[in-house]
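Protein chains: 2
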Amino acid sequence: MFRYKMIISYDGTGYGGWQSQPNSICIQDIIESVLTKILRQKINIVGSGRTDAGVHALGQVAHFDSTIALDLSKCLYSANSLLSNEIRIFSIEETSEKFHARYSATGKTYQYRLHLDRIGDPFKAKYALHVKHKIDIEKLYTGSRHFIGTHDFSAFANQQHKGSAAIDGVRTIKRLDIIEEIGGIRLEYEGDGFLYKMVRNITGTLLDVASGKISVASIPEILQSKDRKQAGRTAEAHGLCLVEVYY
Amino acid sequence: MFRYKMIISYDGTGYGGWQSQPNSICIQDIIESVLTKILRQKINIVGSGRTDAGVHALGQVAHFDSTIALDLSKCLYSANSLLSNEIRIFSIEETSEKFHARYSATGKTYQYRLHLDRIGDPFKAKYALHVKHKIDIEKLYTGSRHFIGTHDFSAFANQQHKGSAAIDGVRTIKRLDIIEEIGGIRLEYEGDGFLYKMVRNITGTLLDVASGKISVASIPEILQSKDRKQAGRTAEAHGLCLVEVYY
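Chains A and B are the protein sequences, given in the same order. Going by the numbering used here, 88 is the number at position 88 of the first sequence; the sequence numbering is gapless. Going by the numbering used here, 200 is the number at position 200 of the second sequence; the sequence numbering is gapless.
Don't take each hint at face value.
Since copy identity is lost for identical chains, a pair holds within one copy or between any two.
With a Cα cut of at most 30 angstroms, we get these calculated DSSO-like pairs of lysine-lysine [as the list claims (entries may be wrong)]:
(1) 126 / 5
(2) 42 / 74
(3) 74 / 134
(4) 132 / 74
(5) 74 / 124
(6) 37 / 174
(7) 74 / 213
(8) 132 / 5
(9) 134 / 5
(10) 213 / 139
(11) 42 / 132
(12) 98 / 74
(13) 124 / 37
(14) 126 / 74
(15) 134 / 229
(16) 42 / 213
(17) 74 / 5
(18) 37 / 134
(19) 42 / 5
(20) 226 / 5
Since the hints were made in silico from the structure, they are not lab data.
Please model the complete structure; the sequences and the hints are all you need to start from.
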């Protein structure tokens with residue numbers, strides 16, 4: 001048995017996210033069916049984690065097992081020929097059987113893009129949250145400092161399923177940079193792992209801070225409350241992109 | 001009666017082009033229905049020209065007439081609030097009744113984007129033609145020089161309708177620049193006017209030149225033939241963008 005590691009990029013617009021959900025086309029399913037077709041054996045792929053419907057990826061990582069010793073460059077070419085242009089496999093390489101795309105991951109970087117403009121831009125619309133009203137970037141920056149480090153982020157996690165068992169909410173955000181770019185800013189989150197919807201919930205809360213709905217000073221209390229209801233809104237999916245997974 | 005001029009940008013992905021075609025949603029219709037709703041009177045808009053299904057615009061221009069003296073900034077805000085993020089009106093201003101978006105136009109700039117990469121990029125897929133194979137940019141450049149100036153471009157025009165009367169095919173291309181950008185090149189065409197599918201047919205022919213299917217030396221003969229069948233293929237719609245209209 002051989003194990004293969006892939007780096008995958010996708011425009012999440014119009015897809016039902018990474019993993020199978022009813023009534024939607026999922027990226028994992030599409031890639032599995034293409035690999036199954038090429039290798040003529042049922043292939044199951046395991047991603048580093050799920051991305052929600054509409055979320056993008058520059059560097060999603062997945063692995064799969066096969067009894068076939070692949071011609072890697074030919075397989076890469078064939079798979080990309082069968083995939084739509086919105087999903088690209090950047091690399092396929094053989095890896096150790098100890099490697100697991102999800103459990104071996106030691107960290108991830110996400111980015112969340114904001115397009116700050118009164119009118120908007122059709123070519124940014126699918127890849128950045130359009131923020132029409134004036135926001136206070138200074139407050140957004142000051143607020144963001146509270147999230148860096150090791151905290152229980154339960155107040156910023158949604159339950160994945162109704163009635164899921166409570167999970168340990170302690171995570172470490174190593175880096176949360178606010179980076180100016182043409183037309184707006186992007187928030188770059190690097191951490192050892194992220195709870196369900198955590199990046200979108202922190203971003204939504206920072207937007208509420210930047211528009212004055214939530215005070216900067218209340219962020220430590222919100223963290224301590226471990227109560228999702230105390231935090232701000234969930235920022236829309238289309239501004240979010242999984243940039244890189246670390247091993 | 002007041003006449004208003006608008007500058008409009010759109011991501012043409014998924015739309016049936018600027019003007020009404022059966023079984024598709026057209027950008028002109030969408031903007032007309034939004035303005036009709038806001039002004040509570042039937043509004044007809046006239047664009048500088050049609051863009052085909054899938055073609056984008058950074059600076060499409062259109063005019064409309066109304067008996068209402070508009071609060072321009074309020075109208076701009078209301079229209080953009082009702083439009084999807086993929087269509088944006090950048091400006092609305094009052095203009096002379098002599099102004100006509102189509103007949104007053106003295107020139108246009110289009111750009112055609114090529115993404116030159118073996119694998120591709122999901123985030124460029126809707127806005128640039130993905131060219132997988134190696135092409136000879138030097139030949140593409142040399143070939144492009146033949147199109148600059150005043151020529152009869154009939155060999156590079158499609159008939160808009162089967163059996164349309166032949167129209168005068170003489171046009172002037174003032175500028176055809178080949179500009180390197182991240183991941184590829186873009187062709188910028190500035191001219192006094194363009195025949196139906198002319199930019200896509202010239203670009204397709206230049207791609208055939210760059211891949212060796214058509215020789216650079218044959219371009220003057222193709223122009224002289226005035227025969228569409230002599231020229232190369234029509235490059236796909238999604239690489240094309242109407243950048244600016246001049247008056």
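- Task: Go through the copies and call it for residue 213 and residue 139: within, between, both or neither, with a Cα cutoff of 30 angstroms.
- Result: within (11 angstroms within a copy, 59 angstroms between copies)
- Item | Homo-oligomer pair classification [residue 229, residue 134; C-alpha up to 30 angstroms] | Within one copy only: 25 angstroms inside, 55 angstroms across.
- Since the copies are identical, ignore which copy is meant and state whether residue 37 and residue 134 lie within 30 angstroms (CA to CA) inside a copy, between copies, both or neither. Intra 51 angstroms, inter 27 angstroms, cutoff 30 angstroms: inter-copy only.
- Message: If the cut is 30 angstroms between Cα atoms, do residue 132 and residue 5 qualify within a copy, between copies, both or neither?
- Response: between (41 angstroms within a copy, 23 angstroms between copies)
- Copy assignment of residue 37 with residue 174, given that the CA separation must stay at most 30 angstroms: This pair counts as neither: shortest intra-copy Cα distance 41 angstroms, inter-copy 50 angstroms.
- Should residue 74 paired with residue 213 be assigned to within, between, both, or neither, using CA atoms and 30 angstroms as the limit? Answer is between; shortest inter-copy Cα gap is 26 angstroms, intra-copy 54 angstroms.
- Should residue 42 paired with residue 132 be assigned to within, between, both, or neither, using CA atoms and 30 angstroms as the limit? This pair counts as between: shortest inter-copy Cα distance 29 angstroms, intra-copy 48 angstroms.
- When no copy is named, should residue 98 and residue 74 be tagged within, between, both, or neither for a Cα gap of at most 30 angstroms? For residue 98 and residue 74, only the intra-copy Cα distance (25 angstroms) is at most 30 angstroms; the inter-copy one is 61 angstroms.
- Item | Status of residue 5 relative to residue 42 across identical chains (alpha carbons, at most 30 angstroms) | within (17 angstroms within a copy, 58 angstroms between copies)
- Message: Please sort residue 74 with residue 124 into within, between, both or neither, judging by C-alpha distance up to 30 angstroms.
- Response: between (34 angstroms within a copy, 23 angstroms between copies)
- Evaluate residue 74 and residue 134 at a C-alpha cut-off of 30 angstroms and name the case that applies: within, between, both or neither. Between. Shortest inter-copy distance 17 angstroms satisfies the 30 angstroms Cα cut-off; intra-copy 51 angstroms does not.
- Query: Which holds for residue 74 with residue 5 at a C-alpha limit of 30 angstroms: within a copy, between copies, both or neither?
  - Reply: For residue 74 and residue 5, the Cα distance is within 30 angstroms only inside one copy (15 angstroms; across copies 53 angstroms).
Against the hints set out earlier in the document, violations occur for numbers 6, 16 and 20.
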